[in-house]
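Asks: Sequence:
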Amino acid sequence: MKVYLFLDEDGFCEGWGSNEEVNSVPYEIEDDEVLRGIMKYRYVDGQLIYDETKALLSAKESRKYKSRRQFLDLLEKGFEITILGTTYTCPYDDDSKAYLNKVYELSTSGLIDNATFDLLKGNEEVSFTVNKVNITELWLLSFLHEEELKKALSAKIQKIETAESIKDLQTIE
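Numbering (my numbering), first residue to last: 30 to 202.
Wrong hints could be hidden among the right ones.
Said to hold, decoys possible - Pairs of lysine-lysine residues, derived as BS3-like cross-links and limited to a Cα-Cα distance of at most 30 Å, are as follows:
(1) Lys106 x Lys161
(2) Lys126 x Lys95
(3) Lys95 x Lys83
(4) Lys179 x Lys131
(5) Lys95 x Lys179
(6) Lys179 x Lys161
(7) Lys93 x Lys106
(8) Lys180 x Lys83
(9) Lys180 x Lys95
(10) Lys196 x Lys180
(11) Lys150 x Lys161
(12) Lys31 x Lys95
(13) Lys185 x Lys83
(14) Lys188 x Lys89
(15) Lys126 x Lys180
(16) Lys150 x Lys180
(17) Lys89 x Lys150
(18) Lys161 x Lys83
(19) Lys150 x Lys126
(20) Lys106 x Lys31
(21) Lys131 x Lys83
(22) Lys185 x Lys106
(23) Lys196 x Lys95
(24) Lys95 x Lys161
(25) Lys185 x Lys126
(26) Lys89 x Lys106
(27) Lys126 x Lys106
(28) Lys179 x Lys196
(29) Lys83 x Lys196
(30) Lys161 x Lys196
(31) Lys83 x Lys31
(32) Lys131 x Lys161
(33) Lys83 x Lys93
(34) Lys106 x Lys83
(35) Lys93 x Lys161
(36) Lys179 x Lys126
Just so you know, these hints were derived from the structure itself, not from any lab.
With the hints as extra help, turn the sequences into a complete structure.
Replies: What follows is the structure, encoded as structure tokens:
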């Protein structure tokens, strides 16, 4: 199949198309799979050459993106809190986080004495009205939850950045 490659100044593929365009290079492709990872190839003397370094950089960026996405997902799921022997989950999505921070600010300023929060018991939503001490406790737990996840993300990204091969990347959980 004939495709047209778009190359950067060093000959690395930046993409491809089925129609000839200005600065595109015609190429007869034998394996469609190559097109999925075309940015890992360099065009040299009429041939596509797989570039391990480019592939590793691409894999690292992908892993870092997925790790950040996983961090946000875990953050939003929230943290557990036990009230009278029952464990609840305090969601920590953007709205819940903003509400908790505002309530904490108002509580520490002495403007409110209590606030109502929606917690999850399994899949069931339960509302609780909590006093100043418990508002502070919820805020502290949310802060610790976020910090713990940030540390884990930072450690994982550090491992990704120092990986020397794709095989090394595959061992990172």
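Asks: Does each hint fit the structure? Answer for all of them.
Replies: How the hints compare with the structure:
no.	hint	result
1	Lys106 x Lys161	holds, 24 Å
2	Lys126 x Lys95	holds, 22 Å
3	Lys95 x Lys83	holds, 18 Å
4	Lys179 x Lys131	holds, 22 Å
5	Lys95 x Lys179	holds, 14 Å
6	Lys179 x Lys161	holds, 27 Å
7	Lys93 x Lys106	holds, 20 Å
8	Lys180 x Lys83	holds, 28 Å
9	Lys180 x Lys95	holds, 16 Å
10	Lys196 x Lys180	holds, 24 Å
11	Lys150 x Lys161	holds, 22 Å
12	Lys31 x Lys95	violated, 33 Å
13	Lys185 x Lys83	holds, 21 Å
14	Lys188 x Lys89	holds, 10 Å
15	Lys126 x Lys180	holds, 19 Å
16	Lys150 x Lys180	holds, 27 Å
17	Lys89 x Lys150	violated, 38 Å
18	Lys161 x Lys83	violated, 54 Å
19	Lys150 x Lys126	holds, 18 Å
20	Lys106 x Lys31	violated, 47 Å
21	Lys131 x Lys83	violated, 45 Å
22	Lys185 x Lys106	holds, 20 Å
23	Lys196 x Lys95	holds, 17 Å
24	Lys95 x Lys161	violated, 38 Å
25	Lys185 x Lys126	holds, 24 Å
26	Lys89 x Lys106	holds, 26 Å
27	Lys126 x Lys106	holds, 11 Å
28	Lys179 x Lys196	holds, 25 Å
29	Lys83 x Lys196	holds, 14 Å
30	Lys161 x Lys196	violated, 51 Å
31	Lys83 x Lys31	holds, 24 Å
32	Lys131 x Lys161	holds, 13 Å
33	Lys83 x Lys93	holds, 15 Å
34	Lys106 x Lys83	violated, 35 Å
35	Lys93 x Lys161	violated, 39 Å
36	Lys179 x Lys126	holds, 15 Å
Hint compliance for this structure: hints 12, 17, 18, 20, 21, 24, 30, 34 and 35 are not met, and every other hint is.
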